[in-house]
Amino acid sequence: MNSHQPAHYQDRLTSIALVSLVTFGLLIPSAPTAHAQPSLARSSSQVQNRVVKIYGAGGVGGLDAYQSGFLVSPAGHVATAWSSVLDVDPIVILNDGRRFESKIVGFEPALELAVLKVDGSDLPYFEVPSGSPDAPIARWGDPVLAVSNLFNIATGNEPASVMQGRIAARSKLDARRGTFQTAYRGEVWLLDLVANNPGAAGGALVDLEGNLLGMLGKELRDRKTGVWLNYAIPSDVLRAPIGDIIAGRKSVSPVDDDPLLARDKSHNAATLGLKLIPDVLETTPVYVDALTPNGPASRADLRPDDLILLVNGRRITHQRAFRDQLRRIDRRDNVTLTIQRENEILEMTIRP
Amino acid sequence: MVLWTAIEMTLEMLRTVMSPSTPRVVRAALGLTLFAAVVSIPIRSEAADVVTTNQPNAASNSDDIVWRVERERTDAIAKAMQSTVCVFVPGGAGGGSGVLISPDGYALTNFHVSSPAGTYMRCGLNDGNVYDAVIVGIDPVGDLALIQLLGRDDFPTATFVPSRSVRIGDACYAIGNPFLLATNLQPTVTAGIVSGTRRYQYPSGTLLEYGNCFQTDASINPGNSGGPLYDSHGDLIGIIGRASFEKRGRVNVGVGYAISGDQAQNFLGSLFSGRILDHATLGATVGTDDDGSVRVTNILQSSDAYRRGLRYGDEILEIDNRVVQTANDVQNLLATFPAQWRVPLTYRQKGRVVHTLVRLASVHRGDELLEEMKTALPPPPPAPPTPPSDPPGDAPGDNDAPGDEKAPEEDTDEASENAEDDNAEEDSNNDRPAEDEGSSEEKNRPKDSAGEPIPQAATERIEERKGFANYYYNKKQQSKFIARVQRQFDGVNPQATWKLQGQATIAGEKEPKLFEMIVGDDVCELTIGSRRERLATPDAYVQSVDTGSAGSLLAAMRSLKRMLDKGPEQFGDTYYWGTAPVLGRSPLRDTTVATHSGIETRFYQHPESGRLELIESFADRDGDPAELWIDPPEWLIDIDAQSFKRFALSDAPTDSATTNGTPTVLQLRYGLDPLATLNVKSWSDTDMESMPTADKDAVSDATNE
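Chains C and R, in that order, are what the protein sequence lines are.
Sequential numbering of the first sequence, starting at 1, is according to the numbering used here.
Sequential numbering of the second sequence, starting at 353, is according to the numbering used here.
Worth double-checking, as some hints may not be accurate.
Simulated restraints, written as ranges between beta carbons of each label pair [stated by the list, open to error]:
{"hint": "1", "chain 1": "C", "residue 1": "Thr155", "chain 2": "R", "residue 2": "Glu861", "range": "51 to 59 angstroms"}
{"hint": "2", "chain 1": "R", "residue 1": "Thr426", "chain 2": "C", "residue 2": "Gly97", "range": "56 to 64 angstroms"}
{"hint": "3", "chain 1": "C", "residue 1": "Thr155", "chain 2": "R", "residue 2": "Gln855", "range": "52 to 60 angstroms"}
{"hint": "4", "chain 1": "C", "residue 1": "Val60", "chain 2": "R", "residue 2": "Asp641", "range": "58 to 66 angstroms"}
{"hint": "5", "chain 1": "C", "residue 1": "Thr155", "chain 2": "R", "residue 2": "Lys599", "range": "16 to 24 angstroms"}
{"hint": "6", "chain 1": "C", "residue 1": "Val60", "chain 2": "R", "residue 2": "Asp643", "range": "30 to 38 angstroms"}
What the hints contain is simulated information worked out from the structure, not anything from laboratory work.
Source: prediction; values computed, not measured.
The C-beta atom is built at its ideal place from N, Cα and C for all residues, glycine as well.
Extracted from the complex, chain R is given alone in its bound form (with noise of 0.2 angstroms):
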């Protein structure tokens, strides 16, 4: 078929270029093309002589043109079936497909894929061998989920394209395991186009939403969920999630729709985290309006796009620089956002056109995640051949019970069936002998969903705890969080009193004055010129940060010496958090949130050299954090709330100031704007008890007034 559609171009090129050539004279010369294709194979290099000096021709081109897409279709398609991943759920109880995006294993799939197996699956590749794969993190909201494939550090992967390059009419491939066919680990490979770009599929419930995906023709059947849908060149455009079925049952009828590159590498870097994660909220409301705006209708005043000075009737113009014309775009471009991200909002207030940054708040709060959880997905079936009494046929009218007919199509049921008889076949003749040997030590492993005990090699990297997929990455995380601070800080003693001076200069003042900073484990100090402000209880520093004083940078102080000296396990509750940008800016940071004594920090370091750029203190989610750079771009020094304008983020260099060793600038900054620049001149360790206590508190009293 497609061959056709390569003689048919062909046919368009000769009609075109030689237009007054009759249609029978294009035949003819397609004839020849085509025969021409065939005996030539072995002349080719002496052939190519001939026609160095020549132009390209019309005819030549055509000849061209059917082998080259003919061929370059097959590569495309040899090259994608590579990376396309077949995930089985132990004892037949479904699967799905998936796609490797890293050498070292880490494969995106969908969470109602991975969710039924837990933390471990068994998953294929088409060389033909299974691989032991564990839960790495999941995105509920966002139906994704990320495993890790064992064994191997040279898998092969697929590389993303840019979403904004996908069009409708571009050729795409549906690569992956429908029906669960795949027990040969080759994958099923179904052709088609892009049907529709910026979709939006509803959530059931809050899970599940697909904002701004793509949608296809090719053929999605259940068990292509998690699957990657390719381009023409073997890249990777999305991730398949679902497809529109209604009434004609549960097999393709042409619309089916990918998670879109963009949101997944939106989310990438958080899966890593081993974390369960959530999707953004504005905090307002938006309704287009008759003029074809788009307003808000209702804000909450606890939103930072309320902090940002977003108010009611105002008209959205752009979120994250790309335009929005309709609320459906606002929605649409929101699900694809982590929770917490701070991207660049546009909007118009009073004929005013205001750039600024907004933190998106998270869609649900507390365990309302984890509740939903529980309840949106029905519990895996049981395994076939542990239980036989149990009817087959329970699982899918558990599924099909939501019954709301945009509901997302969990396509593991229907797979599960498929695939028992095979499943069972392959765990009696591979797995068992390999497991058969310590059966007391197999008793204490965990499970699996089919109730055997998981590998070695998967249980060392399975930690389960409350609210994370798999604790056990995010540990890693941390390791690498604290080993590129204390690098970045081999020069300063954790453990005695820091002692820093310098220059500083208040917004707003012109003339910089001296400072002097002392920080403790529990006491800390900050005079600029005759004003000195004193943090020695949990309550102060809480203070300081909430009123948005000089003295709140103390409270980053203090976490950063608290983290060097104690490290994250005896920090207070601290996890890495995955990857945000900073100020609306890529490369997204690597971002570790600790909590102690009433504080929440947030350390944002860079991903390549692993510099801390930033902390943020925050004492309240509903308040701006008090943001403490370190070192900061130049460009960054004298942006204000005023000057913030997107070409000044756009234009702006890559950060590039990557000096390791003691800082030699810090800055406070609240919201958009600076409110103290520090010169450092010297950071020195310093006796606590040297410091003149007899007029410390006369200052302190002094700076109250």
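Same shape as in the complex, but just chain C (with noise of 0.2 angstroms):
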């Protein structure tokens, strides 16, 4: 039957009146052997095992210690939302109740990612497709599930929530800078569900084929009208630095190979002109305090309360392990800092 269709279509663009007939007297037979209304079970539970659980820091002061993420490679790549969540090496339970611990190998500060990795081989993955300007990977109006663990509803091996709705707009999301809490700037999925709530930040945003569309964003509302915003991230935007990080290309991890330089050698906070907050805790995190007058960070523009994220590139989640990458850092050398400003991920680069 199907070896001659292409025929009936042709027949069909020429004669549109017969068309008509034969295609309402063919409706009437078929009527009868009920069709069920569109299920989206298909495409709900084809993506299931390819979206995980993940429990970090938090549980207190309104801070939720879940989020959600899904799998991009099948060595056990994990994209993830960076949070508070992310704070301790966190927890990663896959969609049949597996339950593995993970580093964080990846993070990019200005797109919110973090790219964890478990201990894993074979598993299912999403492709984490670019599109193009001929055929993007999803235009506004398009259908999407939004697939995550939100209000943390699902445990161990139960399935992950799955909402429906659509592409709304796509948009830059500071069009209206200041009004939402984010540091990122970039391009988003404006959709018309209430996909971002507490703990579906890292869900997977799929079209009804299950192709990766994006990431669920975090939690934002409008300072001003107290409106709640629900994005995701473009799966086009985050392709490059989610490439980057599985092929090693570019890691987050501290540094351990280079050596260690004498004191005298390397920089510190003083050869760099500044002054961190106290650290009397075992993770201090790297907030500056104060600036020595015309020092080199002074001169860069760094400035006291901003919260140092990146040495070189490097991830530093504590006032030692600052300390540390900069022993390993040449004081006539650059150093380039990424730092957080309230909303704000900045990148400078502090010449001594």
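Assemble the dimeric complex from its two separately framed chains, guided by the hints.
Here it is as structure tokens:
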């Protein structure tokens, strides 16, 4: 029957009236064979095994200790949203209930993206498509599914929650700069469904074929109107950084290979011309407390209360790590710092 | 929006069916089909002849789907809206939704919706009428309530779909009364998909626990509570009850929950009893082990599970024939059962798999549930018209007080604020004139939550009694119970002393022996072969049940005789319990409980034939009851704990023995084991005094030795 169909279509194009007779005639005998309302059951189930539950720091002060993520390599790379949940090495639970300890191997502060690695092989995973100007991965109006463990409703091997909706627009998140508290400034899919709930960040936005369209963002509220925004970071934005991280071209893991230099040869806070907040905790965050007037940091426009995230692209989670990394850099060399200033991610090079 | 879905589906189908064609052709075909659909309506019948010889092809299927999907959707919603109930608590003190499940007006809603109304509420249907409704039964733990709408016997109803057939991604519709918008009695329809199945939502305290429930992204708002979640055919998936709101205020964030249809049906029979129902507990705690197995971490020695051999460290494999993989699964399933149900349990002990049945205990003891109900829900907000000075903002504050972020969301308050004006208006317009007639009679009538007298038709169906939501419905079921028992045993005289004779087979013995049974009002006697047991005092009956002697079946026979003779009113404390499975099997049996002189007797009747199949005598809640089976099914006679296998049950023919009249086979069972099987040859009246009393005690002594 399939073989001679193209011919049928040709007929149709030439004879509209006849076609209308034929097609509607066909409708009647087939009507009683009850066709169910379109169910998204297949679309929903086919992506479940690639979405993971992530548990980490939180549970106090209104911060949730859980979020979502999805596998992007068969070897166990997991893309998720950068958040306070990742302040400790997080636990990743796969769809089948298997529980893994993970390491943070990639971190793009400006994309609010983090990539974790669990010890796995042959795992199901999402391709992260880039699309092209002619054939974008999705257009506004396309139906989508948001798959995440919002509200931590599912535990263990229970399936992630699936919500349906549409892409409302593709737009820049900073179109109204300052009203949304986010470090991400790039393009997003704006969604018409309430996808960005607690714990949904890092979840997968997919089309009805199960192709990845983007990563669900964090909860975002307009400071002026109180309106909550639902968005996902498009996969074409994520593709390059995720690819670099998986391929090992870009790593934020602190460098251990470079030799420790002598204290009088290497950098330290003083050589950069900055003073950090007192290091009183096991993991004191690297907040700038004060600057030497006209010192190198001051000249680079570093300011008090800046939080230093990366040193030369390497992630430092506390002041000990910061000092350790500086010990490996010659004090005659420039140092590139990636900092968070309120909602902005800034990169600045400090010249000694 | 859904039209788009349909069109995309069409595109999808076209793409898959005719992969060689280019998208442009597809689009052209689609345009044609839409056009075809429009122009061809008047010529349908004519066209039908043209094509019967031809196989349907892709393009015609496609226009078919666009139209059909659309029409199915509107048809499903039109059908579903008829059975949707908009619940209004009199006086504007809130409300919610509900769904009709029987033509005589029984409707399910949430306990937290019906609770502020007490016994009487008003319900609107989309036929434009407001009906009086009374409370029937409540399940505070499962957040269900059964109400009855009055005034018709042909209400439109919804049909449950099996919960296991519902998949994540299936289309669904929430229809109801969000924000009490349906003051014109036309419910609100929201569409979505099933976002999750087998969800668990924690209780607040011990009430309002949602086990094995559905999650949906259809918009659920305050006032949707108690209402139906329908599938794409307009059939009933479950009862909407709560939503995750958290910090965004009490409006939908795409996460609502519905009590599963399976759970609702487990409780439905018992809700008809007019009782306040309790949920079940295994009497054991479980944990998920590192190897992924579910292990017993603690077990009560008084639990039936313990009596059936379950021990610390055993692995739970199945409950109610459903595989459990995590400790969560266990609680998820247990939360859907009424207390006292006997359900199949499969566990592994030292490598051996054991199939058995366990009686589930109640979560609450004694009056704990009633106490919990008092504290768990705030009192209904004051009715607005009567005390105008009351600050209206009080109620929501009270309600939010529990503070637990996962606490169930009661939508009644918020909804009530919206509805105050509308309802007050309704009161003055519609109801007052009708009720203004006899004002003295009005004063004596019970008042609704607005302080207005409840209409006569409703008061006739309200009878308050402690421990019951509405005792009227229990009495109704008791009448049905006793009428059925009397019909079944109309061949015997309940006033006379009964004498039964025949052959008895004791389990473990090959040769049957002659038996004689005397059943009197107080004194009963059983002689099997040369052994005779005589029970004359209440203690003797209790003891025989406790020790599991053959004489314990006399306790059941005496209760049966007493019930036939005196009826439920004079028997002792008697009430219709509800419906429960027998041996873990459907159909659920009508169960009536009667207590007299230290023995609790449960009568199980087949729901259709009404035949009394089983009488259980409990001497003690923490011990096995003596089960007296009346004409048991053949396959059951030889089954004991060893041969009790799941397949034996599932393959067993449905119980067909329906002969009314005096029973021919009586079997006494304990736990899962048969103790004695009596083939009754004669059942006659006798005169107690003619019994040989001289050697009676001697024989009794002999058995004691």
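Hints, one by one, checked against the model:
1. Taken as a hint, the range 51 to 59 angstroms holds for the pair Thr155/C and Glu861/R, whose Cβ atoms sit roughly 53 angstroms apart.
2. For Thr426/R and Gly97/C, the Cβ-Cβ distance of about 41 angstroms falls outside the hinted range of 56 to 64 angstroms, so the restraint is violated.
3. Our hint of 52 to 60 angstroms for Thr155/C and Gln855/R holds, since their Cβ atoms are close to 58 angstroms apart.
4. At about 30 angstroms, the beta-carbon gap between Val60/C and Asp641/R misses the expected band of 58 to 66 angstroms.
5. At roughly 22 angstroms, the beta carbons of Thr155/C and Lys599/R sit within the given window of 16 to 24 angstroms.
6. Distance hint for Val60/C and Asp643/R: a CB-CB separation of about 33 angstroms, consistent with the stated range 30 to 38 angstroms.
Figure legend: structure checked against the earlier numbered hints; hints not met, in rising order: 2 and 4.
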